[in-house]
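Model the full assembly from the supplied sequences, consistent with the hints where possible.
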Amino acid sequence: MRLCTPRKWVGHDSSVYDSTQEQQQYAEQREDADIPDDIDYQPKHEIGGDLVEETADSGLDFGCVLGDSNFGKSPELRRRLRDEAIPYALELVPSKFPVVDEKAPLQEESESGSAAPDETRWKISEDEEIFSPEDLAQEVEDTDTDLEWEHINWAEGTKETLSGNFHRTRVRVVTDRADREVGEGTGWLLIEKTTDDDENDSTVSVKTWICWDLDESSLEELVQWTHLRWSIERFHEDIKQHLGADKFQGRSWDGFHRHLAVVMLAHAFIATHRLETGQDMPSFETVMQRIVREVAIQQLMENLNFDRETATGAAEEMLQGFTDWRIPDL
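Under UniProt numbering, the first residue of the sequence shown carries the number 1, and numbering increases by one thereafter.
By construction, these hints were calculated from the structure, which means they are not laboratory data. Every value quoted in this text rests on a predicted model; they were computed, and no experiment measured them. Hints should not be assumed to be uniformly reliable.
To be verified - Below are the SDA-like pairs computed for lysine to any residue, each with C-alpha atoms no more than 25 Å apart in a straight line: (1) Lys247 / Ala271; (2) Lys247 / Pro36; (3) Lys240 / Asn165; (4) Lys73 / Asp101; (5) Lys44 / Asp101; (6) Lys8 / Gly59; (7) Lys96 / Pro36; (8) Lys73 / Asp215; (9) Lys240 / Gln289; (10) Lys123 / Val93; (11) Lys207 / Gln289; (12) Lys240 / Lys123; (13) Lys240 / Glu216; (14) Lys44 / Pro6; (15) Lys247 / Glu216; (16) Lys123 / Pro105; (17) Lys247 / Phe322; (18) Lys73 / Leu228; (19) Lys159 / Asp238; (20) Lys73 / Glu216; (21) Lys247 / Asp32; (22) Lys96 / Pro43; (23) Lys73 / Glu46.
Unchecked claim - Restraint-style ranges between C-beta atoms, simulated for each label pair: (24) Arg177 / Asp37: 38 to 48 Å; (25) Gln24 / Arg326: 48 to 58 Å; (26) Gln21 / Glu233: 37 to 47 Å.
Glycine included, C-beta positions come from ideal geometry on N, C-alpha and C.
Set out below in structure tokens:
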């Protein structure tokens with residue numbers, strides 16, 4: 001577990017402070033919170049890259065790296081993963097990711113100073129169309145083209161089949177739109193048509209991913225890969241809503257990390273019990289409520305010598321009366 005610590009918290013760069021007084025104020029707060037002196041600022045994409053490399057070096061077998069648009073928009077992270085030959089499927093901001101067709105002819109190598117010393121960049125001609133994922137979605141929507149959406153079921157949800165409309169095409173990433181400069185990054189550009197609540201807006205809303213080194217994957221496989229992040233998002237939602245991950249009231253570095261460690265252990269415990277329930281799994285919340293109920297019953301039986309029936313009634317009465325607990329489906 002790594003905390004993305006803001007620059008002002010670590011105190012290693014005086015240029016980030018507006019005044020000497022502000023720098024001193026942060027120094028005092030840092031000392032009060034007991035933040036270790038060796039903690040330095042790292043952007044999220046760098047922390048993510050470190051964790052991925054550590055995982056790969058451990059020998060753990062995995063398919064590809066997934067990430068939201070905060071990671072997908074980082075050319076540094078994407079290049080780092082390519083350098084390590086680690087496949088990825090990273091979400092993008094649909095309007096802010098210029099690309100060209102992968103088969104676009106490359107002209108002379110670019111002399112632009114924006115490229116890393118060991119990274120080759122090329123120019124493309126004025127005739128080659130630079131487009132965004134949003135532009136592609138509009139073209140797929142256009143009935144005058146031969147492009148179309150493909151409806152794909154990607155998982156079975158607790159209430160219904162999860163599905164959507166998708167399209168993909170091979171692209172090369174544009175590194176400098178004004179100079180018509182492209183880089184080494186190529187791959188599948190995957191777009192998903194999403195529901196737009198604004199009926200007066202003719203713009204097609206889409207989700208977008210760039211998929212590298214997944215060249216042999218079918219469209220169905222790419223969709224399944226990218227939507228595995230649903231479980232990660234569900235994890236963050238559960239630990240906040242049900243386990244108080246975002247309710248830490250302390251002010252110390254160690255206390256915060258202990259709090260999150262306990263939260264994640266609790267989540268692992270509940271998730272394990274949920275898996276043990278079988279195919280038709282109840283919700284995370286329901287399993288948690290069952291565990292709380294059973295712990296309360298056992299405590300009353302052991303400490304007050306209640307029989308199970310009496311302990312059950314007392315436990316449910318107390319939990320409903322003093323907390324937001326509700327009787328789960330048993």
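Each hint, compared with the structure:
{"no.": "1", "hint": "Lys247 / Ala271", "result": "holds, 21 Å"}
{"no.": "2", "hint": "Lys247 / Pro36", "result": "holds, 23 Å"}
{"no.": "3", "hint": "Lys240 / Asn165", "result": "violated, 31 Å"}
{"no.": "4", "hint": "Lys73 / Asp101", "result": "holds, 19 Å"}
{"no.": "5", "hint": "Lys44 / Asp101", "result": "violated, 30 Å"}
{"no.": "6", "hint": "Lys8 / Gly59", "result": "violated, 36 Å"}
{"no.": "7", "hint": "Lys96 / Pro36", "result": "violated, 38 Å"}
{"no.": "8", "hint": "Lys73 / Asp215", "result": "holds, 20 Å"}
{"no.": "9", "hint": "Lys240 / Gln289", "result": "holds, 15 Å"}
{"no.": "10", "hint": "Lys123 / Val93", "result": "holds, 24 Å"}
{"no.": "11", "hint": "Lys207 / Gln289", "result": "violated, 35 Å"}
{"no.": "12", "hint": "Lys240 / Lys123", "result": "violated, 47 Å"}
{"no.": "13", "hint": "Lys240 / Glu216", "result": "violated, 38 Å"}
{"no.": "14", "hint": "Lys44 / Pro6", "result": "holds, 10 Å"}
{"no.": "15", "hint": "Lys247 / Glu216", "result": "violated, 44 Å"}
{"no.": "16", "hint": "Lys123 / Pro105", "result": "holds, 9 Å"}
{"no.": "17", "hint": "Lys247 / Phe322", "result": "holds, 19 Å"}
{"no.": "18", "hint": "Lys73 / Leu228", "result": "holds, 19 Å"}
{"no.": "19", "hint": "Lys159 / Asp238", "result": "holds, 18 Å"}
{"no.": "20", "hint": "Lys73 / Glu216", "result": "holds, 24 Å"}
{"no.": "21", "hint": "Lys247 / Asp32", "result": "holds, 20 Å"}
{"no.": "22", "hint": "Lys96 / Pro43", "result": "holds, 20 Å"}
{"no.": "23", "hint": "Lys73 / Glu46", "result": "holds, 13 Å"}
{"no.": "24", "hint": "Arg177 / Asp37: 38 to 48 Å", "result": "holds, 43 Å"}
{"no.": "25", "hint": "Gln24 / Arg326: 48 to 58 Å", "result": "holds, 50 Å"}
{"no.": "26", "hint": "Gln21 / Glu233: 37 to 47 Å", "result": "holds, 41 Å"}
Checked against the numbered hints given earlier, this structure breaks hints 3, 5, 6, 7, 11, 12, 13 and 15; the rest are met.
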